[in-house]
Amino acid sequence: MLYTSLLPIILALAVASFFLGQRRAERVAQAAGGLRQLHSLPSHYGVFVALCCALPGFVVFLVWMACEEHVITAMVASGLPEALRNLPANELSLVINEIKNIAFGGFTAGGGNPAVEAAASSYLDHLHGLRNIVVAVAVVTCLLPGWWALGRIDKDLRARNLVEGMARVVLLGCATVAVLTTVGIVLSVVFEALRFFQSVSPSDFLFGLQWSPQIAMRADQVGSSGAFGAVPVFVGTFLIASIAMAVAIPVGLLSAIYLSEYAAPTLRSWAKPALEILAGIPTVVYGFFAALTVAPAIRDLGAMLGLSVASESALAAGLIMGVMIIPFVSSLSDDVIHAVPQSLRDGSLAMGATRFETIRHVVVPAALPGIVGSILLAISRAVGETMIVVMAAGLSANLSVNPLAAVTTVTVQIVTLLVGDQEFDSPKTLAAFALGLLLFFFTLILNFIALRVVRRYREHYE
Amino acid sequence: MNDNGTQTAMNARPDLLAPASDLKRRYRTDKWFQRIGLGAIALSLAFIALLFFHIVREGHSAFVRTNIMLDIDFAEKHFVKENLAAADYTALVKHALTETFPEVVDRRDKRQLFSLLSSGAAYQLREMVLANPRLIGTRQQVWLPADDDVDMLQKGKIDRDLPEENRRINDRQLSWLDTLASQGRLETQFNTAFFTGGDSREPELAGVLGAVKGTMLTLVITLMLSFPVGVAAAIYLEEFAPQNRWTDLIEVNINNLAAVPSIIFGLLGLAVFINFFGLPRSTPIVGGLVLALLTLPTIIIAGRAALKSVPPSIREAALGIGASKMQTVVHHVLPLALPGMLTGTIIGMAHALGETAPLLMIGMVAFIADVPGSIGDPAAVLPVQIYLWADSPERGFTEKTSAAIIILLAFLMTMNSLAIYLRKRFEIKW
Chain A
1 MLYTSLLPII LALAVASFFL GQRRAERVAQ AAGGLRQLHS LPSHYGVFVA
51 LCCALPGFVV FLVWMACEEH VITAMVASGL PEALRNLPAN ELSLVINEIK
101 NIAFGGFTAG GGNPAVEAAA SSYLDHLHGL RNIVVAVAVV TCLLPGWWAL
151 GRIDKDLRAR NLVEGMARVV LLGCATVAVL TTVGIVLSVV FEALRFFQSV
201 SPSDFLFGLQ WSPQIAMRAD QVGSSGAFGA VPVFVGTFLI ASIAMAVAIP
251 VGLLSAIYLS EYAAPTLRSW AKPALEILAG IPTVVYGFFA ALTVAPAIRD
301 LGAMLGLSVA SESALAAGLI MGVMIIPFVS SLSDDVIHAV PQSLRDGSLA
351 MGATRFETIR HVVVPAALPG IVGSILLAIS RAVGETMIVV MAAGLSANLS
401 VNPLAAVTTV TVQIVTLLVG DQEFDSPKTL AAFALGLLLF FFTLILNFIA
451 LRVVRRYREH YE
Chain B
1001 MNDNGTQTAM NARPDLLAPA SDLKRRYRTD KWFQRIGLGA IALSLAFIAL
1051 LFFHIVREGH SAFVRTNIML DIDFAEKHFV KENLAAADYT ALVKHALTET
1101 FPEVVDRRDK RQLFSLLSSG AAYQLREMVL ANPRLIGTRQ QVWLPADDDV
1151 DMLQKGKIDR DLPEENRRIN DRQLSWLDTL ASQGRLETQF NTAFFTGGDS
1201 REPELAGVLG AVKGTMLTLV ITLMLSFPVG VAAAIYLEEF APQNRWTDLI
1251 EVNINNLAAV PSIIFGLLGL AVFINFFGLP RSTPIVGGLV LALLTLPTII
1301 IAGRAALKSV PPSIREAALG IGASKMQTVV HHVLPLALPG MLTGTIIGMA
1351 HALGETAPLL MIGMVAFIAD VPGSIGDPAA VLPVQIYLWA DSPERGFTEK
1401 TSAAIIILLA FLMTMNSLAI YLRKRFEIKW
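Protein chains in written order, with our numbering: chain A, 1 to 462; chain B, 1001 to 1430.
The hints are simulated quantities; they were obtained by calculation from the structure and are not laboratory data.
Ideal Cβ positions, reconstructed from N, Cα and C, are used throughout, including at glycine.
You may find that some hints are simply not true.
Stated by the list, open to error - In silico lysine-lysine, DSS-like type, Cα no more than 27 Å apart, as pairs:
id, chain 1, residue 1, chain 2, residue 2
1, B, Lys1110, B, Lys1155
2, B, Lys1429, A, Lys272
3, B, Lys1155, B, Lys1094
4, B, Lys1031, B, Lys1077
5, A, Lys272, B, Lys1110
6, B, Lys1094, B, Lys1081
7, B, Lys1110, B, Lys1157
8, B, Lys1155, B, Lys1325
9, A, Lys155, B, Lys1325
10, B, Lys1077, B, Lys1094
11, B, Lys1308, B, Lys1424
12, A, Lys272, B, Lys1308
13, B, Lys1094, B, Lys1110
14, A, Lys272, B, Lys1031
15, B, Lys1325, B, Lys1308
To be verified - Derived Cβ-Cβ restraints for the label pairs, each shown as a range:
id, chain 1, residue 1, chain 2, residue 2, range
16, A, Ser201, B, Ala1042, 17 to 25 Å
17, B, Thr1090, A, Arg195, 47 to 55 Å
18, B, Arg1035, A, Phe191, 51 to 59 Å
19, A, Leu267, B, Lys1424, 50 to 58 Å
20, A, Arg455, B, Val1220, 47 to 55 Å
With these hints in hand, go ahead and build the complete structure from the sequences.
Right under this line is the structure:
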């Protein structure tokens, strides 16, 4: 099938047109009396022709990739019999899915409705027909501009400037991907969250004290029975994040101070990368360790002391998360402490202060903004961390600040709401996007402040 | 009065050279603080050691598997039909077992006897016959996988001394196993199925090949998208971007994106790639796209740092002899910055390799037993496989999880060592 090899075809056309363009430029140069007469190098002409050839075809291909699904579904849906077309939207989407299953998998779930069978074959017909058209269009949009560019080759054509201009546009486009990603995140989260807020009021969501989205699964009670008060989820998130920070801040900060103020260079040169290993271990590994080793150990310890500890206690998840975050605190703090000018230390030591006094009264106050920035970044990590809490924290939302109880977090809820069957018209699924929206903006604000503080601080001493 | 003050001070400290008690205390505090700092580092390192020790202790046993040797009689009466694949291979296994233990006649006892072998034994026989039909009519000694309970017992993870009702293997089964062991028919052998099989509901048959291949496919997509785009974006921002609001916006954006929780990228993938563009769920193509967006900020930041470290004299020299701005960058600056960019890319890929949460969002948690063949097939990836196995209730999956973690960590270590090697090998001190 031609469609699957469209990209290689475009590539081959581009390579061919490169050589054609180069050859042509060389011939033009010979006619004009040597390469010196050309405005640009022959290869510039080649690249110019190749770009003119490949870019439009590639754009056609991308546009088609993006809208193929919608176009064909619309065409097939309009060809369905009246009875099927007038079904409600969600049932219609089931029929469409059925059609696709028959068209691609060749198996049917129900008892072969002839209209659906016919639609499936028309789906394939449409698909193949349209794909052939797209291949033709793409090849034509390659050849025509390519041919046009070939014809324009001339000793005065400013091929290098044209090529460099195009390359600059491509570079700018790549840099814009980052902005597009943010826009995509905001749009996708905001749209679904708005749909959620149509069925659940924002104040109920933000201030409600009960969270039990699963009840909303019952038929005909969508949105009316599920409780979407997110306060217990927030409290759980902050409980676990606080436990994590209670581990990560002292350990990370003390390690950073020791490494930058006391440690011999050799110790520093291997202890620093060793600490970074903690950041490199995948979080699913921490989650496994927390759920299978740490949580039972804490439960047994609690039982020995006569405390009742939930087997998915916040403490286990928080402790392990804290360990994971240590390098985030330590490496950034180490950087900012390192950036404190040596003259400040020398001055303090010369006054007779011990090293500890120097650190406490001079170095740490001077580095404080940077340290605060690194802690803010670490908090944002802790709040957004997913796998450790999914594996080691609870699922049910208890409004509790007891570290021995099982609590749930925002990320756990997003995962449980979205893994498995999804219906994009039930508040249960959409609630995940509302939580995602809050998570995104919360971490965004933290990151923004933290990055600002750190940058301001760096500029202060540089 | 001034004199008086000095006088008292002199009285308090008659010997100026002797260290004051106060000073001793101050230095003691300093010493203690130093020890606490060292302790903090030791604590972190001890945790790493504990984690690795624990994983290796749990996981090393998954690399071997308990097999049982049976005399399988590939009698022709079982292969009367044309289709060799449809023959009753379970009957072959059962027949061989009853031959070995002729004294077992009761139906219930027989069922217990048959449960000693894995359900994969029949599949293994089928593969053998399909690969070599001349086996039919012969009698072969074949090593077949034992059930995961037998495996756990062999590895000492089920205690033989427990009372019978608390044990997953009863006393009769134990005695049969002892008989098999005394005949040399029960052995733990290297577990090739773990490296050549896809996922399975049976711990003794589950393998990582499907997940490893899914990871490879996903990472190839990630690399192909994020490396060129990341390098191009870094070049633009570092070499061409004018100082204006748009550039500022892009820069702030990239720094923020680097710190956005990864699960948010999963939401983006779900809403945009799956719901809007209609790409198939749980496939490497969607996973690769999401991970590419996730690693892009890392690669851009590393790329900019690499470009920044190229001294301006290189650029000035190229521009001075008449190269255009683009020629300067492409011919001179980029080749010098490339090792640094590659290092950053490998570190970004290592991050992507360990990433789980966004892949859960795009449905890569489905149970997929097949090894994926292309980027459009449903696939599992290694970290998600670990998550799935960690959630499985069977005892046998615990060691499989740890073993998969060992493999994942081995990949990560290889990638990071490669990055360090590249940095050392191509580092240029200007």
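Within 27 Å, alpha carbon to alpha carbon, are B/Lys1155 and B/Lys1094?
The hint holds at about 25 Å.
Verify the proposed pairing of B/Lys1094 with B/Lys1081, using a straight-line Cα cut of 27 Å.
With a Cα-Cα distance of about 20 Å, the restraint between B/Lys1094 and B/Lys1081 holds, given a limit of 27 Å.
Between B/Lys1077 and B/Lys1094, is the straight-line Cα distance small enough, at 27 Å or below?
Between B/Lys1077 and B/Lys1094 the Cα gap is close to 15 Å, so the pair holds against 27 Å.
Given the hint of 47 to 55 Å, is the C-beta distance from B/Thr1090 to A/Arg195 inside that range or not?
holds (52 Å)
Could you see if the CB distance from A/Ser201 to B/Ala1042 stays within 17 to 25 Å?
violated (52 Å)
Is A/Lys272 close enough to B/Lys1308, meaning Cα to Cα at most 27 Å?
At roughly 24 Å apart (the allowed maximum being 27 Å), B/Lys1308 and A/Lys272 satisfy the hint.
Does A/Lys272 pair with B/Lys1110 here, judged by a C-alpha cut-off of 27 Å?
With a Cα-Cα distance of about 61 Å, the restraint between A/Lys272 and B/Lys1110 is violated, given a limit of 27 Å.
Could you see if the CB distance from B/Arg1035 to A/Phe191 stays within 51 to 59 Å?
Given range 51 to 59 Å: holds, Cβ gap about 55 Å.
Take the C-alpha atoms of B/Lys1155 and B/Lys1325, compute the straight-line distance between them, and say whether it is at most 27 Å.
violated (66 Å)
For the pair supplied as a hint, B/Lys1308 and B/Lys1424, confirm whether the alpha-carbon distance does not exceed 27 Å.
Given pair B/Lys1308, B/Lys1424 holds - Cα atoms ~18 Å apart, limit 27 Å.
Given the hint of 47 to 55 Å, check if A/Arg455 and B/Val1220 actually sit that far apart at their C-beta atoms.
Taking Cβ atoms as reference, A/Arg455 and B/Val1220 lie about 36 Å apart, which means the hint is violated.
Go ahead and decide if the range 50 to 58 Å is satisfied by the Cβ distance of A/Leu267 to B/Lys1424.
At roughly 20 Å between Cβ atoms, B/Lys1424 and A/Leu267 fall outside 50 to 58 Å, so the hint is violated.
Of the numbered hints given earlier, the model fails hints 4, 5, 8, 16, 19, 20; all others are met.
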